Amino acid sequence: MVKASKPLSYAHLHAYADKELVDPRRVDVADFVKTHPNLIIYIRDYEFINKQLHDLYDGVLNEPIPKRLVAIVKRHRKGTKRVNKLMLILIGMVLGGAIGVLLHQSQQFEVFSKAKVLIETFISRMI
Amino acid sequence: MDTGKSQVLQHIPALRRYARALTSDTNKADDLVQDSLERALQRFHLYQDGTNLKAWLFTIMHNVYVNNVRKSCSEPNFVSYDNLNTSHHNSTDIENDVTMRDLKCALTKLPNDQKNILLLVGLEGFGYKEVSHMLDIPLGTVMSRLHRAREKLRQQMFHA
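Residue numbers (our numbering), protein chains in the order written: chain A, 1262 to 1388; chain B, 509 to 668.
Treat the hints as calculated values from the structure; they're not laboratory data. From a predicted model like this one, the values you see are computed outputs, not experimental measurements. Heads up, the beta-carbon is just placed ideally off N, CA and C, and yes, glycines get one too. Do not rely on the hints blindly, as some may be mistaken.
Listed next, the stretches of chain B that the computed footprint assigns to chain A, with coverage defined by at least 3 CB atoms under 8 Å from CB atoms of chain A [said to hold, decoys possible]: (1) 514 to 523; (2) 608 to 617; (3) 657 to 666.
Just need the whole structure built from these sequences, with the hints factored in.
In structure tokens form, the structure reads like this:
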């Protein structure tokens, strides 16, 4: 938005036509234009050009989107999904490996602790 | 991210409209949209969630267009007669048709830096500050180029 408290210029006429002015300045311009009818012509022309642009090109919005354009988006979405799947598989593999290592270590610890108990009982019997 | 990419679809009609107005040619316009979508989706990781996706896509299209124009600056800029006469409105008003054809002709004569701004503001409804940010130019430059563009159109359409 164009701020207020600047001297009036053609830029303000454009900003007025484009509804870019905030209120104190918008009212200033509206009042000024009322007393200067030659400036109204400019604003009307600017607004008319905007309207004509819409009349000329808005029909494109209702045209069916060409398949080649939709295909690009779909292809990139599939690409993202594929990457996501790969990431999940990788995470699964890393987690599986980690769990395997932990289990192996805990089994080793179990064997070690059992052996320790056996040795301790053997030593105690010997004594 | 995937949802973001899906949202790109809803902006394609507006991208096509802007491209059509820029190039005045249906095929060139869709080629421009295609190149822009490819670039945008390849660099989608650079898009920040929650920011204006439409403005981001239009910025990319602007850059692609500028690059294309630079590449093809040695080629003559033909406007096909068919395209010039293909209007996308249902009006049967001959005067209106003439005015719109005048506008289309006048647009092709505008320098690209002025045409971009006129279309982004007048057709796509972006604010001056948004355009300034999108094209990476000062706000004053946006306003002065817009003024020059509209004055040229006024001269050609209403005072020729």
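Against the structure, the hints come out as follows:
Counting residues of the region 514 to 523 of chain B whose C-beta lies closer than 8 Å to any C-beta of chain A gives 6; at least three are required, and the coverage claim holds. With a cut-off of 8 Å between beta carbons, the region 608 to 617 of chain B has 3 residues touching chain A; three or more are needed, and the interface restraint holds. Coverage of the region 657 to 666 of chain B by chain A holds in this model, with 5 residues showing a Cβ closer than 8 Å to a Cβ of that chain against a need of three.
Every hint, counting from the list given before, is met by this structure.
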